[in-house]
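Colleague: Read top to bottom, the protein sequences are chains A and B. Sequence positions in the first sequence follow our numbering and run 189 to 393. Sequence positions in the second sequence follow our numbering and run 214 to 421.
No lab work stands behind these hints, which were simulated from the structure alone. None of the values given here were measured: they were computed from a predicted structure. Some hints could be false.
Claimed, not checked - Derived lysine-lysine pairs resembling DSSO-like cross-links, with alpha carbons at most 27 angstroms apart: (1) K274/B <-> K271/A; (2) K216/A <-> K278/B; (3) K278/B <-> K242/A; (4) K420/B <-> K408/B; (5) K408/B <-> K391/B; (6) K391/B <-> K341/A; (7) K341/A <-> K352/A.
In case you want the letters, here they are:
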Amino acid sequence: METIGIWIAALLTLGIFSFLYKDNPFYKFCESLFVGISAGYWFVTTFWQVFMPKLADNLVAGRLYYIIGGVFGVLMLLRLFPKIGWLSRWSLALVVGTTAGLYFTRYLVSNGMIQVQNTIIPLYVKGNLSQTIGNLVIVIGTFSGLIYFFFSKEHKGAFGGLAKLGIWFLMLSFGASFGYTVMSRMSLLIGRMDFLLGTWLGLIR
Amino acid sequence: MRRQLPILIVFVSGVFMVIQYFIPHESFEFIYEYAMDWIIIIGIFAMLLGLWSLTRASVSKVQAKAPGWGFSVMTLVGLATMLFLGFYKGNKSIAEGTFFMDLFWYIYTPIQATMFSLLAFYIASAAYRSFRVRTVLATILLVTALIIMLRLIPLGPISGVNQWLASWILTVPNMAAKRAIWIGVGLGATATALKIIFGIERAYMGKD
C-alpha cells in the first residue's frame, strides 16, 4: 500500500504543480478530488471526535441538557425545507447571540483594554537609552497607526502627516508578516521537493 | 414570530454571555459550559448543510452535463468514498492504519501541502512587482521582509547585526503597528457585537 500511496501522492503533487504552467484538466482533477476528500474527511472526523462525545455520549450519560443543543441542531437542518426553513433562524440566532456576547467582552478586554494598557508606558527610562527609544517608537507607532484608521476626519495637515507615519509603521509590519509567509511557504515547497526527489524518486537521501 | 423570536434569542443569549463574564458564579459557569457545547453541536449540524450543498451543486452540474461535469463526478466520488470508509466500521474507521487514513495521508495531505507551497511562486512574483513600483511604502515592505527572511541564514560578520535588527523590528515597530490594528479590530468587534445584541444588525437572518 505504501508504494502505491507514494506514487498516488507524487502524481497528485505534480498535478497541483502543473497549475504553474496554466490551468489544466490534470490540476482540475486533483482540485476536485481534494474538495470531495476534504469535505468527507472533516465531516467524518468531526462526527466521531466531537459530535459523538459532545451529544450522544452526554445524552447516554444522562446529561439531558444536551438535548437542547441537539434540537437547535435539527432546527438548523430545516433550512432544507423552504416552507419551514425560517425555523433555522432560531439556531442561527443562538449561535450569533452567544458569539456576539462572548466576543463583546473578549475583544474589549484583550484587543482594547490590554493593548491600550500596554501602550501607556514611560517615554523616558533613566539610564536605558534603547528602552527609551523602543518605548517612544511603540507609543508613536501605535498612535499614528490608530490615526491612519480614523476616517471621520480628512487626512490633511498635521493629522495627515501622522496618518502617513502610521502607514509607514503598518507597511513595516506587513513586510514582517510577508517575510514570515514567504519562509513558511518556502519550507512547504522544500518539503514537497524533498518528497518528490527523495521519497518518490530516491534521488536524494 | 419569524423575525421577532430570533431577535429575542440573540438578545437573551448575548446579554447572558456578557453578564456571566462579570459574575463568576458556578451556576453561570454551568450554563456557559452547556451553551458552548450547544454551539459546537449546532455547528456540526451546519456541516451537514454544507455537505448537502456540495452534493446538490455537483449533482446538478453532472445532470446538466455542464462544462467540466467530469470533475464534479470526482468530487462526488471522493466525498462518497470518505463517508463510506469513515462510517462502515463505526468509530474504528478513523483509526491510524485504516484505508480512510491512508486516503488522508496519500491524497489529502500532499494536495494540501502542494497547494500552499504554490503560493511561494506567487509571493515571489508579487514581491518582484512591488519592487518595480519603486515607492517608499513598497521599499519599506520589501526591505523589512528581506531582513526577516535573512535572519535565520548565516551571513558571516553581519549575521549578528541582522538578527538583532530583525528582533528589534519584530518587538518594537511591528508591535506598535500590530497594536494599532488590534485596538481597531477590538473596537470594531465590540461595536458590531453590541449592534447584533440590540437587534440593529440583522443581516444574519437573511431575507424572507
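Colleague: Which earlier hints turn out false for this structure, listed by number in ascending order?
Modeller: 3
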